[in-house]
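Colleague: Residues per chain, in single letters:
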Amino acid sequence: MAREKERPDTSPGTPLQRIRPLLITFALIAGVGPMVLSAYWLNTFTTVACLALASGAVALLYGQLGMVSLAQFAMAGVGGWFCLRLVHGIGLPFEIALVIGALVAGVFGLLVGLPALRMRGLYLALLTLMVAAAFQVVVNVIGFPDGGPGWTGKVVNGQRALIERPWLASSDAAYFRYAVLWVAAGLALIEWHRASMPGRAWALIRKSEAAAVAAGVSVVGYKAYAFALAGVLAGLSGGLIAGLNGQLDDTGFPVSQSILLFALTIVGGAYHWVGALFAGLLIRALPALLNDHGVDGNLANAFYGFALLVSLIQGRKGLAGQLADFYKFVRMSRIIEGTTSWVGIAALVGLLSWWADQTTIAGAFFIALIGLLFRIAIPGVCWLLLGFFGKPVQDKAEALEAAASLRLAGWVESRGWTADHRIIKRALNWLFIGLFVGWVAWGVFQVPFLAALAILWGAMALKVAMEHALYPHILPLRQRIDARWPKPFAAYR
Amino acid sequence: MDNLIPFLVVGLSVGAVYALSGVGLVVLYRASGVVNFAYGALGGLAAMVCWQVIDLEYADWLGWVAGIGSATLLSWGYGRYIAASLTHQDRVVRAMATLGFALMIMGIAQWYWGDDPRRLVLPTDASGIEVEGRRLISHTRLVALFLAAGATLGITWLLLKTPLGLRMRALQSNRTLSALLGVRIKRVDTWAWTLAGLLAGISGLFMGNMVRLNPVVLTFLVIPAMAAAMVGRMNSLAITVSGGLLIGVIEALTALEPSIQRYGSATAFVVAITALLWQQRKGIGLSRDNSHLE
Numbered sequence: 001m002a003r004e005k006e007r008p009d010t011s012p013g014t015p016l017q018r019i020r021p022l023l024i025t026f027a028l029i030a031g032v033g034p035m036v037l038s039a040y041w042l043n044t045f046t047t048v049a050c051l052a053l054a055s056g057a058v059a060l061l062y063g064q065l066g067m068v069s070l071a072q073f074a075m076a077g078v079g080g081w082f083c084l085r086l087v088h089g090i091g092l093p094f095e096i097a098l099v100i101g102a103l104v105a106g107v108f109g110l111l112v113g114l115p116a117l118r119m120r121g122l123y124l125a126l127l128t129l130m131v132a133a134a135f136q137v138v139v140n141v142i143g144f145p146d147g148g149p150g151w152t153g154k155v156v157n158g159q160r161a162l163i164e165r166p167w168l169a170s171s172d173a174a175y176f177r178y179a180v181l182w183v184a185a186g187l188a189l190i191e192w193h194r195a196s197m198p199g200r201a202w203a204l205i206r207k208s209e210a211a212a213v214a215a216g217v218s219v220v221g222y223k224a225y226a227f228a229l230a231g232v233l234a235g236l237s238g239g240l241i242a243g244l245n246g247q248l249d250d251t252g253f254p255v256s257q258s259i260l261l262f263a264l265t266i267v268g269g270a271y272h273w274v275g276a277l278f279a280g281l282l283i284r285a286l287p288a289l290l291n292d293h294g295v296d297g298n299l300a301n302a303f304y305g306f307a308l309l310v311s312l313i314q315g316r317k318g319l320a321g322q323l324a325d326f327y328k329f330v331r332m333s334r335i336i337e338g339t340t341s342w343v344g345i346a347a348l349v350g351l352l353s354w355w356a357d358q359t360t361i362a363g364a365f366f367i368a369l370i371g372l373l374f375r376i377a378i379p380g381v382c383w384l385l386l387g388f389f390g391k392p393v394q395d396k397a398e399a400l401e402a403a404a405s406l407r408l409a410g411w412v413e414s415r416g417w418t419a420d421h422r423i424i425k426r427a428l429n430w431l432f433i434g435l436f437v438g439w440v441a442w443g444v445f446q447v448p449f450l451a452a453l454a455i456l457w458g459a460m461a462l463k464v465a466m467e468h469a470l471y472p473h474i475l476p477l478r479q480r481i482d483a484r485w486p487k488p489f490a491a492y493r
Numbered sequence: 001m002d003n004l005i006p007f008l009v010v011g012l013s014v015g016a017v018y019a020l021s022g023v024g025l026v027v028l029y030r031a032s033g034v035v036n037f038a039y040g041a042l043g044g045l046a047a048m049v050c051w052q053v054i055d056l057e058y059a060d061w062l063g064w065v066a067g068i069g070s071a072t073l074l075s076w077g078y079g080r081y082i083a084a085s086l087t088h089q090d091r092v093v094r095a096m097a098t099l100g101f102a103l104m105i106m107g108i109a110q111w112y113w114g115d116d117p118r119r120l121v122l123p124t125d126a127s128g129i130e131v132e133g134r135r136l137i138s139h140t141r142l143v144a145l146f147l148a149a150g151a152t153l154g155i156t157w158l159l160l161k162t163p164l165g166l167r168m169r170a171l172q173s174n175r176t177l178s179a180l181l182g183v184r185i186k187r188v189d190t191w192a193w194t195l196a197g198l199l200a201g202i203s204g205l206f207m208g209n210m211v212r213l214n215p216v217v218l219t220f221l222v223i224p225a226m227a228a229a230m231v232g233r234m235n236s237l238a239i240t241v242s243g244g245l246l247i248g249v250i251e252a253l254t255a256l257e258p259s260i261q262r263y264g265s266a267t268a269f270v271v272a273i274t275a276l277l278w279q280q281r282k283g284i285g286l287s288r289d290n291s292h293l294e
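So the protein lines, in turn, are chains A and B.
Residue numbering for the first sequence follows my numbering, beginning at 1 and increasing consecutively.
Residue numbering for the second sequence follows my numbering, beginning at 1 and increasing consecutively.
Treat the hints with caution; some may be incorrect.
[Claimed, not checked] A few chain B residues that don't get close to chain A, going by computed Cβ distances all over 10 Å:
no., residue
1, S173
2, L198
3, L277
[To be verified] Simulated restraints, written as ranges between beta carbons of each label pair:
no., chain 1, residue 1, chain 2, residue 2, range
4, B, Q52, A, W167, 52 to 62 Å
5, B, Y58, A, N140, 37 to 47 Å
6, B, P117, A, S171, 55 to 65 Å
7, B, R262, A, L117, 29 to 39 Å
8, B, G69, A, L450, 42 to 52 Å
Derived by calculation from the structure, the hints in this document are not laboratory data.
All C-beta atoms in this analysis are idealised placements derived from N, C-alpha and C, irrespective of residue type, glycine included.
Isolated chain A (complex conformation) (with noise of 0.2 Å):
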């Protein structure tokens, strides 16, 4: 019987060099965010954060554990209605209302946990679908509190009450960092169990539970606990969603959204934190913006379950996965190249938009800087993609495309200029994600789509004019760099 192929195991590193790209990353997003996003977008972005750490609770079972968990969603609502009872109920502080909620939601991710200790991941699957369900039901029925009486605090007839957001976080700026604080503090705290002690032993525990019976590795501990955090994890989740918003609503969690949530963790990738964040924007952000160019959530769904089919065909790394793959070959020189080049011409187009009064500054900046992270992923998309079609496919699409960039390269070394074997590809890639991105900037950030498009060709156009022009200086440069620091990603997986 074929075995399923190896999964990653935990990266090496201390915790806390684990967790510093990751606290890096969302200190610039708290930062930057609220300043290039207008009032919806805050709120959109803030909701995206919510449930990246949401997402984040289903890769922990999935990734680290293998057991699929369909019913994380239903533990954010679970967190959500205990934060929103407790403080129209006792009218405790929102910190102290979540908390507790989502401590509550963790028991109750322990108590869906306990039949799965001994289940194999299948039935598990079906369990937590079934709870699922059953909470959408009851949550139907019960309603979320809003400032009634009685256990379920739900108002009959008048005026329902919303709670009011913690006092240091009262705007939308305000509440997004927050929201993102929590949301990197509980990554983090994921972050750091996968580098020490539980994460090796449930690596251990899903390579072969009998070997970590034998290892002495308590695999009911483990599996309680991994599943108890999930459901606290998603609980905070829950009340920051809560805490948005005022209220939650009462059809707000329906099994669709974990099954959703479930499927786009594994399409974001469920073995990394970034894949959070993407699973994050593909369930919240990507349909509000199809919604602003009236394309019909539906299809979303139907692009959704398309990614998710194509996703576990070819290996289950997910998007966060593909671009850990890429990063893995790249070399020290090609990295600090890259930034301080995106940097500069970053900085260059945003002066030139705002000056020519198409954009912010910082608007700018980060449509380049989209446009740099699709010029990573959209390969590796691209190559996913084709591979749903099989293998043959992908290896003759790969030849047929080196053999073309190198007849194109052969004919512009004949001119004497420096070409890249890859020719070809780059610029595919830059075709498409001029259109892309200039489609994303139009629609988050207003940019016009004839001056995205001039502001990304042109930002691509300025650095493979400057990598030309200054090859034969940097190439004894990006040696020196390379011998003296090796791939710095070659061993993170």
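Following the hints, position chain B against chain A.
Modeller: Structure of chain B alone, referenced to chain A:
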């Protein structure tokens, strides 16, 4: 007792469709080891296609054929091409892949047909068995009950008496050994998926008639069907059918008790969770997938 009968009738007929769906799920699981989350979506598509054809003024029977045919075709396509590329992965991954498939079908169906209220009318709706001048059970519901029983018997016959059934059972027992013995795995798998698609299409038509004609609602009716299948431990057809009928009846009877009335739709889930916990009480591993053990 008299006023319980309408509830029993409704419960049994809805339960019969749960049972029919559950049978389809169990057959597919036994033959290929995949829990098909797309079952409800396929049924929903069948119902919508059927309604569309009838709406375009074509003959009724053409609509049924089109509906059931589309579900069968899609299921065949999935089994032949996509499921085949996933056979080396573990059961959870294969089940999640069907989830992706379900989302695709549901998304496209919901986009195309939307939320407009519609009704799928079957010719057997108009007539029924009358007792003392009151309608006891419509013919549609009777047909559903008979279909559930018939499908169970038919599939049991298929599994026990035909060569194809023998090969399906061989695959369920041990795929590798079956392949070594010369069983054409891809072919048997494809047949299993086709059969599952057929059953999905048929049960979809009935669901569309008896529950609601809406792609999303029909897609998530796979969950009660799974509940029925879980009661049958994904193995026994007879217990699955009984489970489905039981779920249907209990769900209908909850309408009588005001305090739990609104929780009625959670019946299937509660039954499934209870059944699962009961089955697990001695720590019996239900999945035969041992790929986690070295």
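Colleague: Give a verdict on every hint.
Modeller: Okay, the hints, checked on the actual structure:
1. S173: S173 (chain B) clear of chain A: closest Cβ-Cβ about 13 Å, beyond 10 Å.
2. L198: At roughly 22 Å from the nearest Cβ of chain A, L198 (chain B) sits farther out than 10 Å, so the non-interface label holds.
3. L277: Label violated. Min Cβ-Cβ 6 Å, cutoff 10 Å.
4. B:Q52 / A:W167: 52 to 62 Å: 56 Å Cβ-Cβ, so the 52 to 62 Å window holds.
5. B:Y58 / A:N140: 37 to 47 Å: About 38 Å separates the Cβ atoms of Y58 (chain B) and N140 (chain A), which means 37 to 47 Å holds.
6. B:P117 / A:S171: 55 to 65 Å: violated, 43 Å
7. B:R262 / A:L117: 29 to 39 Å: holds, 33 Å
8. B:G69 / A:L450: 42 to 52 Å: holds, 47 Å
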